[in-house]
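Turn these sequences into a full structure, and let the hints steer you where they fit.
There are 2 protein chains.
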Amino acid sequence: MRRIVGMARKRTYGQYCGLAHALEIVGERWALLLVRDLMLGPKRFTDLRVGLPRIPTNVLSARLKELEQAGVVRRRTLPRPAASVVYELTEYGAELEEILLRLGRWGVRTLGEPGPDDILTVDGEILALRATFRPERARGIRTSFELRIGAVVVHAIVDDGTLKPGEGPLAGADLVLEMAEIDALRPLLTGEAGPGDAIENGTVRPHGDLAEFERFLDIFSVPTAPAVVPA
Amino acid sequence: MRRIVGMARKRTYGQYCGLAHALEIVGERWALLLVRDLMLGPKRFTDLRVGLPRIPTNVLSARLKELEQAGVVRRRTLPRPAASVVYELTEYGAELEEILLRLGRWGVRTLGEPGPDDILTVDGEILALRATFRPERARGIRTSFELRIGAVVVHAIVDDGTLKPGEGPLAGADLVLEMAEIDALRPLLTGEAGPGDAIENGTVRPHGDLAEFERFLDIFSVPTAPAVVPA
DNA sequence: CTGGATCCCTCACGATACTG
DNA sequence: CAGTATCGTGAGGGATCCAG
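Those protein sequence lines, which keep their order, are chains P and Z.
Residue 0 is where the first sequence starts when you use numbering that gives the first Met the number 0, and the numbers rise one by one after that.
Residue 0 is where the second sequence starts when you use numbering that gives the first Met the number 0, and the numbers rise one by one after that.
There could be a bad hint or two in this list.
No copy is singled out in the list; a pair is fine if it fits within one copy or between any two copies.
[Unchecked claim] Capping the alpha-carbon separation at 20 Å, the derived lysine to aspartate or glutamate pairs in EDC-like fashion look like this:
(1) K9 with D117
(2) K9 with E27
(3) K163 with E96
(4) K9 with E65
To be clear, the hints were calculated from the coordinates, so they are not data collected in a lab.
Written as structure tokens, this is what we have:
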């Protein structure tokens, strides 16, 4: 005879705790990466697939339903003629932003070299810009950058302590940084390498002033030193 | 014929992104709750089991190994006569603290009623105290509280903007709050209910001044209003 | 083409028993 | 006390299929 233990108990931690509950909402696999991509604005199902190439579609469906159910994501049907469906963060979901940026900064410090089939996405790179942006160092500064990392092109407009990142090129950018490898930028942001090193070994080709390059690295950086990871 | 796809590729998101990497480290099930419990100091395997009653021991083993491997947790054998093993956070792991507190505050706002077999742990309650503590409201204040929630007893010593939480009772506490239900405190911290309501309906029995009760609620609270969750 | 649903396989998780 | 061993189940991974 089969004992009915808890009838259809969804996976839960069984703790009455804010953190445990948060993890039940956004702790499932892919969930926070989904939120990351939605931080940049409403997206369609297919857009999300493009940003998360390795997510199975059934998992994407499931996560969107769960996040919608939890009040993190809202599913909206576009009005006219589009007749398309977009997913967007609710107010509540948008409040994860600061947490994701911090978690991203924490994780980037042990990121190491990219694996053979690690990819860089536009959304990932824009997150990196937002996560490493130091408003206090951008006070009174007005400048703009374009970053080309392989096929990924993003830009950033800095204006007196504020940052407006975006995808695609930016005409008239004060500095263009061109890189072939997806891990060319990380050592610069973490302080492991300086602009001189990067230019010398050819991982970064700056189009613009060297001073502008240094200003970029001043405005965008990860505060603390990289952690030492034992083998 | 079988195609060799990626030989022993561990579960990865395939993105060169700080957030994705962070989630590969601490995004597995139970990992962040483990870190939460270790935030309170070194613990033995069995202590961790007590704090996380529903974690299978093999999963606990696996997580500890993974976190150790990732440089988040350090396994240390106690010197003399104990001959015991403790796990503790590394510097790097300890830097997750602010993130966990924020995530806890985010999650508590949609926590709702406890499920039938939701439990409250001492560690969970201490996390709640730390997460809801508002240093700016504790400036120049020196007081102490003891909380009894069912069998869980914790205390907090507030001294001019600093908080020292601990487990167990506190002799000479300025205020003792006694509750039978594990969800008696949450509505007070989120502002859904006031001290008057709680005393009237008997969910909280304060031993001490009403003014002290109000001071407690001023020092400990979740800033924003609870989110509206659609059915 | 978008926006998914379905199938099948694998492996991580969950429960429990067992060992140094 | 501090885990390892075993085994069943279900969530995730990957490919394909289908409706509007």
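Hint check, failures only: none
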